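Chemist: Please model the entire structure based on the sequences and the hints provided.
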Amino acid sequence: SNHSESDGTSISYPPIPCIDQTINARQLAQHSGTRMYLSKLSPQKRTWLLLGGDSDTESMNPGEFVWKDTLCRYYGGNDSSSSKSEHDFLADVQLSFLLFLFLECHASLEHWRDAISMCSLSTADATTNIVIQHPQFFQKLLSILYYQLSCIETEFFQDVEYSAGENNFMVGALRRLCDACESLGKRKRDGDTILESLKSMSQKLRHLVRDRFGLDLSLRKSNADDDNDMEIDAFEQTIDGDSHDKSDTNEFHDNQEEDDDDEEEDGPVIVPYDHIEASLARSSLQSSQAPKRHDGQVLLGGTMEQSHCKEYPLLYAAMTPEEDEVMACARILDEAKDVSLVR
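Here the numbering used here is used: the first residue of the sequence shown is 1138, the next is one more, and so on.
It is worth saying that the hints were derived from the structure and are not from the lab. Predicted, not measured: the structure shown is a model, and the values here were computed from it. Accuracy of the hints is not assured; some may be wrong.
Taking lysine-lysine pairs in the BS3-like style, the calculated list, with each CA pair at most 27 Å apart, reads [what the hints assert, rightly or not]:
{"no.": "1", "residue 1": "Lys1277", "residue 2": "Lys1221"}
{"no.": "2", "residue 1": "Lys1277", "residue 2": "Lys1182"}
{"no.": "3", "residue 1": "Lys1221", "residue 2": "Lys1177"}
{"no.": "4", "residue 1": "Lys1221", "residue 2": "Lys1205"}
{"no.": "5", "residue 1": "Lys1277", "residue 2": "Lys1336"}
{"no.": "6", "residue 1": "Lys1277", "residue 2": "Lys1341"}
Modeler: And the structure:
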């Protein structure tokens, strides 16, 4: 055959937008799914989705609009029923996860990530909770996520290339979904078993993430709790500072004791007696060989030495017993430390 056979067929997914209005519009446009989705909208619609504000044509918030428009545009087909599009979308979430988990398909990982992020961003606006309008969809989504996270490796939140730990994309998405579902408890009415089931599933998902991955998906703490934490941290720092000061003081005393020990080690040294005798012998030999400068000068005439001492008192004071005047002058000039002695 003249046609080259391709090694299978690469999987392709519809572009899933992830529009978070708390992020700069330029950064949002770097996401391929968001960029492709925005390119198919009118300029007015793009401005509304990126910058927010009131819309003359839409009564829903931007996150809800993106979720509904994506399901209708890519999963609705010719069928106007929303339940079918929701069912197909959830099937895509499960398929992409399986291909990523068992075949290590990078495109499937990105689609799984974007699909979950888009659903979580649709619940960001608490004024019009989309979970109340589509409770069965979000109950199935939380159930799917629970079983997916139950079989994924525990190092996923540390090793995923997009981010790690609390900054992982899944942590923020799960937190938004759980917060939206648990907030429905305040609106519960008699017979609303689906809302109670949603709240129970979100709590179950929180416990799984906490026990399996060591991450907390609970609600953000209030400012008062933050202030209390700051006061506790300041108190702990004060205690730590006092303990450090005490440790530094103890260390100073220890070093001082060590210095005292060193000074005790530098005490008198016992010298052998034969070394002392050798030193005395060298001293007596040097004194016997030294010229009798002062005695000779006295014999020749005491008046000359006395006159020189009066004229050059500094020179005579700098002379050593082994030197005469000439040798002392030569040494002083050679050292060049204080030539005023020979002037």
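Chemist: Now tell me, hint by hint, if it's right for this structure.
Modeler: Cross-check of the supplied hints:
Proposed proximity of Lys1277 and Lys1221 is supported: the alpha carbons are some 14 Å apart, at most 27 Å. At roughly 30 Å between alpha-carbon atoms, Lys1277 and Lys1182 are farther apart than 27 Å, so this suggested pair is violated. Restraint check for Lys1221 and Lys1177: the C-alpha separation of about 24 Å stays at or below 27 Å, so the hint holds. Taking the CA atoms of Lys1221 and Lys1205, the gap is about 13 Å. The hint holds against a cut of 27 Å.
Straight-line distance between C-alpha atoms of Lys1277 and Lys1336 comes to about 13 Å, which keeps the hinted pair within the 27 Å bound. Our distance criterion of 27 Å between C-alpha atoms is met by Lys1277 and Lys1341, whose separation comes to about 13 Å.
Against the hints set out earlier in the document, a violation occurs for number 2 only.
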